[in-house]
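Engineer: Taking the hints into account, I'd like the entire structure generated from these sequences.
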Amino acid sequence: MGRLIKNLRELYKFRVLIQNLVSRELKARYRGTALGFLWSFFNPLLLMTVYTIVFGFILRPKDLSIGDSPWSYALFLFSGVLPWVWFSSSSIESANSLMIHGNLIKKILFPAEILPIVAVSSNFVHFCFGLPILLLFVFLFGKTLTVYALLLPVVVLVQFVFSLGFSFLISALTVHFRDIKDILGNLLTFWFFTTPIVYSFTSEPIQKHKILQTLLSLNPMTHVMEGYHDCLFYGRMVRWPQLGVTLLAALVLFVVGYAVFDRLRDSFPEEV
Amino acid sequence: MPAIELVDVTRVYQKYSARHRFQTFKSAIVKGDLFRSLRPDELVTAVSGVNIRVEKGETFGVIGENGSGKSTLLKLIAGIAKPTSGRVRTEGKISALIELGAGFHPEITGRENVFINGIMLGLSKREIVRKFDEIVRFAELEDFIDAPVKTYSSGMYMRLGFSVAINVNPEILLVDEVLAVGDAAFVPKCLDRIDDFRRRKKTILFVSHDLATVSKICDRVAWMKCGVIRMLGDPKRVVDAYLQDVAVKQEEDFQERRSETAPVLESGPEPAPGPAPELGTAAPDEGRAQRWGKREVEIRRVTLRNLRGEEKHVFHPDEGLVIEMEYAAREPVKDFVFGVGISTSLGIFCYGTNTNLEEFEPVLLSGEGKVAVRIERLNLINGTYYLDIAVHKRDGYPYDYHKNLYSFFVSSMRRDEGIARLAHTWEFSPQVKIKFPDKR
Numbered sequence: 026m027g028r029l030i031k032n033l034r035e036l037y038k039f040r041v042l043i044q045n046l047v048s049r050e051l052k053a054r055y056r057g058t059a060l061g062f063l064w065s066f067f068n069p070l071l072l073m074t075v076y077t078i079v080f081g082f083i084l085r086p087k088d089l090s091i092g093d094s095p096w097s098y099a100l101f102l103f104s105g106v107l108p109w110v111w112f113s114s115s116s117i118e119s120a121n122s123l124m125i126h127g128n129l130i131k132k133i134l135f136p137a138e139i140l141p142i143v144a145v146s147s148n149f150v151h152f153c154f155g156l157p158i159l160l161l162f163v164f165l166f167g168k169t170l171t172v173y174a175l176l177l178p179v180v181v182l183v184q185f186v187f188s189l190g191f192s193f194l195i196s197a198l199t200v201h202f203r204d205i206k207d208i209l210g211n212l213l214t215f216w217f218f219t220t221p222i223v224y225s226f227t228s229e230p231i232q233k234h235k236i237l238q239t240l241l242s243l244n245p246m247t248h249v250m251e252g253y254h255d256c257l258f259y260g261r262m263v264r265w266p267q268l269g270v271t272l273l274a275a276l277v278l279f280v281v282g283y284a285v286f287d288r289l290r291d292s293f294p295e296e297v
Numbered sequence: 226m227p228a229i230e231l232v233d234v235t236r237v238y239q240k241y242s243a244r245h246r247f248q249t250f251k252s253a254i255v256k257g258d259l260f261r262s263l264r265p266d267e268l269v270t271a272v273s274g275v276n277i278r279v280e281k282g283e284t285f286g287v288i289g290e291n292g293s294g295k296s297t298l299l300k301l302i303a304g305i306a307k308p309t310s311g312r313v314r315t316e317g318k319i320s321a322l323i324e325l326g327a328g329f330h331p332e333i334t335g336r337e338n339v340f341i342n343g344i345m346l347g348l349s350k351r352e353i354v355r356k357f358d359e360i361v362r363f364a365e366l367e368d369f370i371d372a373p374v375k376t377y378s379s380g381m382y383m384r385l386g387f388s389v390a391i392n393v394n395p396e397i398l399l400v401d402e403v404l405a406v407g408d409a410a411f412v413p414k415c416l417d418r419i420d421d422f423r424r425r426k427k428t429i430l431f432v433s434h435d436l437a438t439v440s441k442i443c444d445r446v447a448w449m450k451c452g453v454i455r456m457l458g459d460p461k462r463v464v465d466a467y468l469q470d471v472a473v474k475q476e477e478d479f480q481e482r483r484s485e486t487a488p489v490l491e492s493g494p495e496p497a498p499g500p501a502p503e504l505g506t507a508a509p510d511e512g513r514a515q516r517w518g519k520r521e522v523e524i525r526r527v528t529l530r531n532l533r534g535e536e537k538h539v540f541h542p543d544e545g546l547v548i549e550m551e552y553a554a555r556e557p558v559k560d561f562v563f564g565v566g567i568s569t570s571l572g573i574f575c576y577g578t579n580t581n582l583e584e585f586e587p588v589l590l591s592g593e594g595k596v597a598v599r600i601e602r603l604n605l606i607n608g609t610y611y612l613d614i615a616v617h618k619r620d621g622y623p624y625d626y627h628k629n630l631y632s633f634f635v636s637s638m639r640r641d642e643g644i645a646r647l648a649h650t651w652e653f654s655p656q657v658k659i660k661f662p663d664k665r
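Protein sequences, first through last, are from chains A and B.
If you're matching positions, the first sequence starts at 26 in the working numbering and goes up one per residue.
If you're matching positions, the second sequence starts at 226 in the working numbering and goes up one per residue.
Just to be clear, a hint being listed does not mean it is correct.
What the hints assert, rightly or not - Calculated lysine-lysine pairs in the DSSO-like style (CA-CA distance at most 30 Å, straight line):
(1) A:Lys38 with B:Lys307
(2) A:Lys131 with B:Lys660
(3) B:Lys537 with B:Lys660
(4) B:Lys426 with B:Lys628
(5) B:Lys537 with A:Lys52
(6) B:Lys450 with B:Lys474
(7) B:Lys318 with A:Lys31
(8) A:Lys38 with B:Lys426
(9) B:Lys350 with A:Lys31
(10) B:Lys356 with B:Lys426
Think of the hints as simulated: they come from the structure by calculation, not from any bench.
Structural biologist: What follows is the structure in structure tokens.
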């Protein structure tokens, strides 16, 4: 634990570097594309359009808590998909980050944990680009933001910690087990559907089956999603006990993930 | 207090077996040996029990063959690799020129890369802003600094990398063979900068294959072999010892290669029918080596020796060379000429002569015997040379012609250029203030 704090303090010195690497990541990603930064807006928008058509107009789930209008459902979806894309992209990028930037680890004295941090942070910036679109839709569909929207940073913080912990873990393990990259894609799809994003946690089938409810509650991302839904979609107070426990779980994952990363650190220069 | 101190440093690398490589995460979990499987199967010792003390302001060279542990040593000092046992202590900011431009991102511009690379190497943003123009000017990239790095040539890439690294202005500079890739104009500039470092009493650790530069700029040199320091001390002595070791090894390599091709050269007493092309078919890879002639007189064996008569294949330019040919004449011949020719690996013909050109009159050749050409002093520059050996009639009709069948190597620390090292001396009038090189 002492070592963790010492390392984190060390990391603070590298904040300028992290900042620069994030902006480099953002610049490099859209360099050469015609739309440039607009892709940060378009990607979630296109995704949402597909989900809206499929679930809002074709399948039409009947969930009174979401509201009957397909537009309302689209909004519900978007408020969940946006943070999910942040989580899943940063996980996938982290898994590859040590290998892609192998020459940094091999040739420059460079704290390797910066790489997953940059992956999570640059995707966080994308997430932030998506927020104005979400707000725009909130106004377009006649919903009003309540004062509880101010709690958004708290939910974001929980996800940030959780995402970092997860990224440390998988980025370090992928160096030794390259197939994690492939497992991860499938895992994330599974995870997506076991998190209340396309459906609501309060929907009837889930509330009826106690087991289903318990199982979903074990998924930390459930409570993160509920947090987003509460403060952005429903406009009500977040559920503090669940969110608090999730933050604790996220912190545990962070410490464990970092410990694994730290333990494997010396093997990186040879293995990446 | 020394700038760099290594006490009994050993670095063992982990080598994972093929089985491990294909191990999957799933199987590791299933077998429940996630961490056990991360343990290596085999260990390779890259550096073993090294003790080095480099004082502040000293320029310290490290030489050795590829794979002798030089780069690992550098990484240990830079802190990129941790010693398995022993202690590495350094005093002051380190800049490591291990790979120039490591960490450049191809998609973004040179300008942005300078900033990120500079920060990675330990500069603050303000320092980079202050030094930015200097960095770009030194790299000679004023016109391209706003183009993406992926459009750079490898030379431009390297120049920018060097320029950033050298402007970090460290207390300790680690240089790993990076100058090998620079062009003729840029390398002296880099050496100039390194010289400047020395004058300012900074510590430099210099890993290089360029022995001339090493013995010129270093105060002390360590020679590494197989992970241990074979010799440490005065540059000239260490470089000499190293060169001797290399020459012995080259000699062995030549012997080995010679014994591989020997069956081709030592053809039996029976001459091949017609202009013998069997050499070309026997060794199709050696496209340059050929042999022809009906072998009325056959050259059975060619031996290269120094003036003391020792068989040798690696020579110093100041050494002499004796080419000894053993011939066997099937029937006595009255018309014969012995000739030799030397050409470079690029096929440039350096020198050729024969008994006819030097106005020897053939009388009678019969039975077996030896002919030797004695070159008192080789006076060739560095490189591999090929030998033509021939015995033919005065009108050119070949008895036995060996083209490029034999080779030798000239190894020297001098960097003079051309084909031959013409015997010469330098003279200066007293106004020219110049230091003479140390007698080697």
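Engineer: Tell me, which hint numbers fail for this structure?
Structural biologist: Hint check: 2, 3, 4, 5 fail, others pass.
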